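Engineer: Take a look at the letters that make up each chain.
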Amino acid sequence: MTDAPARRQKVWHDLVAVADLEKGDVTPVSLGARELAVYDGLDGITVSHARCTHGAANLCDGYFDGRRIECPLHQGLFDARTGAVLAAPARLPLRMIEARVERGMVQVLI
Amino acid sequence: MEVKTPITQALQDGVLSRQELKALMRRSDLPALRHLAGWLVLLGVTGFLVHATLGSIWLWPAMFLHGIVVVHHFSLQHECCHYTVFRTRWLNDLFGTLCGLIVAIPHQYFRYEHCDHHTHTQLKGHDPELIELPMSVWKYLWYITAIPYWRSNLGGMITRAFGRISDADKVFLPKETWQTVIGEARAYLAVYAAILALSVATGSAAALWYWIVPSLLAQPVMRAIRMTEHVGRPNVADMRENTRTNMTNGLVRFLCWNMNYHAEHHYAASVPYHALPRLHEKLKGYVHVEAGGYIGAHREILRQLTGRQPRADLRSGAAE
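Protein chains in written order, with the numbering used here: chain G, 1 to 110; chain X, 1 to 320.
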């Protein structure tokens, strides 16, 4: 009898220094093969997967108003704090990644 | 799957930096409000010309002139569908819908169609707004009459109002949106019916002389302008090839909300209309620019139709 493989424990990873973020905007960052978007928002720093859930364009090239990220290709709109869809043509929420700031470094729980 | 937007392409090619792009993408309500103030003055002047010439032969040129301004509400609607005209997002929806009513293009429907136009620009069978390079000068002239345009545009609206979504529309309209665009078509037709009823009840022909006839007279101008954006350019995915920017004068740029900078717009649809001249400076040599403007573009199209220049749609590498 074999045990089911244990679920890998999520751990905090250093992502990018706060000082290297585009101030008040969205910064593209890679973590391994993952393309992530780091939002320096009005309510703090949040992180999501960088690709739009509609047409897979890179949201880091889109317009960020401090709370909402707009896709550069079709102008679909997401809440950059929760990933919620705010406007068509996007329909699926953005996948957010838990993030924190430790000693001037943005960290993500993956 | 990596989806490369034109912006991504331009950034990777080093044509502009992220900082430059982000600076160009800055939004504000002020430029559009100033533009709209000028717009209302222009509309007032051409509308007054119609009023002043009622009952004379000069009414027809006056209505044509006024109609040129009226049909250019499409340019504002187009910008609003990209949410770049106003920083305040709902203002884009409001003005987009108002302009859509004026030019008879339901705004939400147009927005979905236009999304696919930006995804599959100039690719046959995929770009829902593709205007084919006509096969002959007669077909070219037929398109410019705007008869095919009205037939497809109004026909489509009536079809949707009856609750039907055509197979062509199903390509770019997700099922979840069908009720929205059906309801929108019904609402637009209800507004038109109300205007008709009000006109009959009050015995007013204002809608006819200031809106409908000018629109019919001037829609060929808009068709001719729309042709210059992509017609005669190759049917390839490369944005440096498939779109044409047309240099023109300040009055036309004002009327078309800088949409003559069409290649720049396709490169970065998130850049507001008022920043497109600055983006044009950045992308010089990178996108296709027709120095001869709209006339130059039509000369090129006609050269292709008459065999004096190879047809762009038959060019090697043109995608079906």
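Heads up, some of the hints might be wrong.
[What the hints assert, rightly or not] Under the rule of at most 25 Å between Cα atoms (straight-line distance), these lysine to any residue pairs were calculated in the SDA-like manner:
1. Lys175/X / Arg95/G
2. Lys22/X / Arg34/G
3. Lys22/X / Val11/G
Just so you know, the hints here were simulated from the structure itself, not pulled from any lab data.
Predicted model only: the values in this text are computed from it and were never measured.
Engineer: Among all the numbered hints in the text so far, which are the ones the structure does not match?
Structural biologist: Violated hint: only 3; rest satisfied.
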